[in-house]
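We have chain A already, so just place chain B on it with the hints.
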Amino acid sequence: MKILAITACPTGIAHTYMAAEQLERTGKQLGHSVKVETQGAMGIENRLTETDVQGADALILASDVAVRDRERFAGIARVLEVPVQLAIKNPAEIFARL
Amino acid sequence: MDYAFDFPLAGGLHAWPAAALRERSAAHSARVEFLNERTGRTAPMESVLGLLATDTRKGDPCRIRVEAGDEIEAHRDLVAFLQGPFLDCDRSLAPGTRASTVVPRLVERSGGRWWAGAGVSEGVGTGLGVRFAATEPPPPRGPQSGLEPEAELKALQGAIGVLRARLREELRLASHSAPRSVLEVHCALLEDPGWRGAIETAIHEGRLGAAAAVAAATQSAGAALGRSEHAAIRERALDLQDVADRLIRELCGEAAEASRPCLVQPSVLVAERLAPSALLALDPRLLRGLVLAEGGGTSHTAILARSFGIPCVTGLVPEAVEGKRLLVDGLRGLVIAEPTPEVEAYYRLESEGLRRWTAPTATLPEGRTQDGHPVRVLANISAAEEAARALEAGAGGIGLFRTEMLFLHRPTPPGEDEQFQAYARALREAAGRPVTLRLLDVGGDKPLAYLPLLPEANPFLGRRGVRWYPDQVDLVRIQVRAALLAAVHGHLRLMIPMVAEAEELRWVRGLVREVRADLAAEGVTPPEVPLGIMVEVPAAALNLEALAREADFLCVGTNDLVQYLFAADRGDPGLAKASHEWHPATLRLLAHIAQGAKATGKPLSLCGEMASRPRLLPLLLGLGFEDFSVAPSAVRGLRAALSSLDLNACLDLTRRALRAATAQEVQELLEAAPVSGAVPPLLDPDLVVLGVDCATKEEAIKLLVERLASAGRTRDALGLEEAIWAREAAYATGLGFGFAVPHCRSSAVAANAIAVLRLATPVAWSEDAEASLVLLFISRPEGTDEHLRVFARLARRLMDAGFRQGLLEAPHAEALLDLLHPVLAD
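Here the protein sequences come in this chain order: A and B.
So for the first sequence, the working numbering puts the first residue at 1; every next one is plus one.
So for the second sequence, the working numbering puts the first residue at 1; every next one is plus one.
Treat the hints with care, since some could be wrong.
Label pairs and their in silico Cβ distance ranges [to be verified]:
#1 633(B) with 93(A): 51 to 59 Å
#2 731(B) with 96(A): 18 to 26 Å
#3 814(B) with 66(A): 41 to 49 Å
#4 29(A) with 825(B): 26 to 34 Å
#5 823(B) with 80(A): 26 to 34 Å
#6 76(A) with 87(B): 42 to 50 Å
#7 84(B) with 50(A): 31 to 39 Å
Far from chain A, some chain B residues (derived; all Cβ distances over 12 Å) [stated by the list, open to error]:
#8 44
#9 81
#10 191
#11 193
#12 345
#13 371
#14 410
#15 603
#16 626
#17 716
#18 729
#19 808
Because the hints were derived from the structure by calculation, they are not lab data.
Quick caveat, the model's predicted, so the values are computed rather than measured.
Virtual Cβ for every residue (Gly too), placed ideally from N, Cα, C.
Chain A with its partners taken away, still in its complex shape:
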């Protein structure tokens, strides 16, 4: 599957990046194509583009704060919202839920 994800946490210093790392690693292990955008203290990094959105099968929002520019993903049917902690502690469960 082609999976997009956004991670974000209140301070945007640590959890955002840990969650991103976990989703990338686990997705890869499971044979998915995964691209993760981080919305942290440094702003948006690895931004998901229109091209990314086209043909994406699912979107994971691992966030404890409001996700910015969410309207970009109106076209994706499967959206899974989870706490950022879950992405860090049990990323496999998130993929299982998709």
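Quick look at chain B alone, frame taken from chain A:
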């Protein structure tokens, strides 16, 4: 009419909010009562002690009841007050100091009893609670017909003689400067003619026995003191009561010991009030803390507690604490009953940190900024005996010797010899370092019994300092004589308070010349003594160059200068704002002063509380001040703060601050600007702690915060700790895998850092996670992207099990850092 509310203040209903409530309701004729529904206690609003005794904590369901009189108006007004200004009581009544009511999480979480008051002597102490109620002396009897006034007078004389001898003996035995000055005040009070006259009148005319006469005279004198607007004067009523109680006991043949607590083991004394003499009679080795309902920071009991290093909290009356283990936190103003071992461990870390901070550190370089620019840090003292401690703390001399203490609270002024002894002693203690003696600064708010001053509508704008010298030439002449005679003992400078115009300086210079001529006629030739002025009146500041041409040196007194600049009484918490100190108007005036001093080449120093606030230091350095004088206890902190500052960064910050429009803008600049010099590396072996045991998460965080503080990564350890916990409150930062990554971005951070703690036994981090390896990231709010990138990289790397294993197994700090360094360097 009732109004119900949940008590809103974090510190509970302590002395300040209680006083504010009382004052607000006193404006109304209605009867107002305060009810705490949790404790079931009520108190009339006019009794501060009653309000304190309701034992009200944040969140308690409370109610005010307004009846009779102007009840409708009073109800409306008090409700508006409770919903508005009252919420600021904690803050506005403690200008410039950090809220004294930050309760450590561990204490809140422990579920035990604790009380919040006002910390008046810093430090942490633990001991068994000893509840002490001073036994009142026998109640005074009313007028008696069969009384022999002559016999009563004789008894009074005899008792005064005995007490005088006792006080002198205690004075002889006192080794410490603070006790000496207190006992001297008590000796003087005993001889006070007004009080003695009132006692005698009560015996003759009131037909009272001697003891009853003492009680009656003391009550009216005490009430007069109690009406003063100034806390420092009100608190003197305690001293008078102390002397009176001792005298009454002498008259009744009752041993003084009956009125004094006796300590047999490490103890925390809990009392409504404690007379200074009772504190002096206690064994300082066993007295670990003091909890008093009455007495502010300027009471003699508080001053003595500070001088002995005994933590003291006032404004509260904890109940049922006899025989319980009590911990006194004099920094935050907390008293904790039966602290858990975890709470004690937490405080142990704090007192160790405090000791490190205050331990003699002869190796600290003499005041220098990080980039090597020399800055002098001197000390303010009020008694010669304080000089030794100030110099030991690292002061480069005495920048301000306030001589008022010698003159206050006594019936007659000190003579030439007494003054000479005091000045010579300070000079000898200073051993060649400069001692700046400020000539008598009394009048207005500091009355002298022997100096009848006309009542003034506005004492702070009245006959203060140099202004009354021409009316009291002899008093000033004796002081100048004593000072010039003492000058051979060291490096003396004389300073004139409250100068507004050049004529005042010329007048004093003329007097000094006369005294010198007198001494020459007596065959004494004192060394030359520089004569300088305090710059604390805005007129002097604005006409600085003219004054500087005639003065030998200048010293800015910021406390008065700021209050005069803003026309805001600094004793009035509703008017004086801490932010006045960094208001652009103040900064521009200080800049003008610094330029004037520079243009004339005259030495310039700054004394006043501004100098002892590390956060304002960058501005003062940037304005061109290089010479500061602060309380002895602030010397070390100031020198440490200096050593982390970069002068160019300070200059740059100050240039921007001088263009600001409001204090708020300056504050934002202060919070945003990094004024440290070379940025220290994120990782440092000193910030790695391996193989220790912590019982709780709180202790683990505290340990890292103390490490960061002693490594200079924060100048506000409490603020940093709060910021970490605020982040932790969002959700715990445990990752699972035995790792935790607490972090914060806060202006309490002086330099970004990563601190590492590896625990011997894992500690519970959140409900479902333990941690044995804690990586604490701290970052300044403006945190450069570079640092954030490092944190982000490290966070990602922690998701690698092999990397985590390496950190858990690294044999020593360097090995652990070797694993972290490559992540940072990516």
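Here is what the structure says about each hint:
{"no.": "1", "hint": "633(B) with 93(A): 51 to 59 Å", "in the structure": "holds, 56 Å"}
{"no.": "2", "hint": "731(B) with 96(A): 18 to 26 Å", "in the structure": "holds, 23 Å"}
{"no.": "3", "hint": "814(B) with 66(A): 41 to 49 Å", "in the structure": "holds, 43 Å"}
{"no.": "4", "hint": "29(A) with 825(B): 26 to 34 Å", "in the structure": "holds, 28 Å"}
{"no.": "5", "hint": "823(B) with 80(A): 26 to 34 Å", "in the structure": "holds, 30 Å"}
{"no.": "6", "hint": "76(A) with 87(B): 42 to 50 Å", "in the structure": "holds, 47 Å"}
{"no.": "7", "hint": "84(B) with 50(A): 31 to 39 Å", "in the structure": "violated, 52 Å"}
{"no.": "8", "hint": "44", "in the structure": "holds, 46 Å"}
{"no.": "9", "hint": "81", "in the structure": "holds, 35 Å"}
{"no.": "10", "hint": "191", "in the structure": "holds, 65 Å"}
{"no.": "11", "hint": "193", "in the structure": "holds, 68 Å"}
{"no.": "12", "hint": "345", "in the structure": "holds, 27 Å"}
{"no.": "13", "hint": "371", "in the structure": "holds, 30 Å"}
{"no.": "14", "hint": "410", "in the structure": "holds, 60 Å"}
{"no.": "15", "hint": "603", "in the structure": "holds, 47 Å"}
{"no.": "16", "hint": "626", "in the structure": "holds, 38 Å"}
{"no.": "17", "hint": "716", "in the structure": "holds, 19 Å"}
{"no.": "18", "hint": "729", "in the structure": "violated, 10 Å"}
{"no.": "19", "hint": "808", "in the structure": "holds, 17 Å"}
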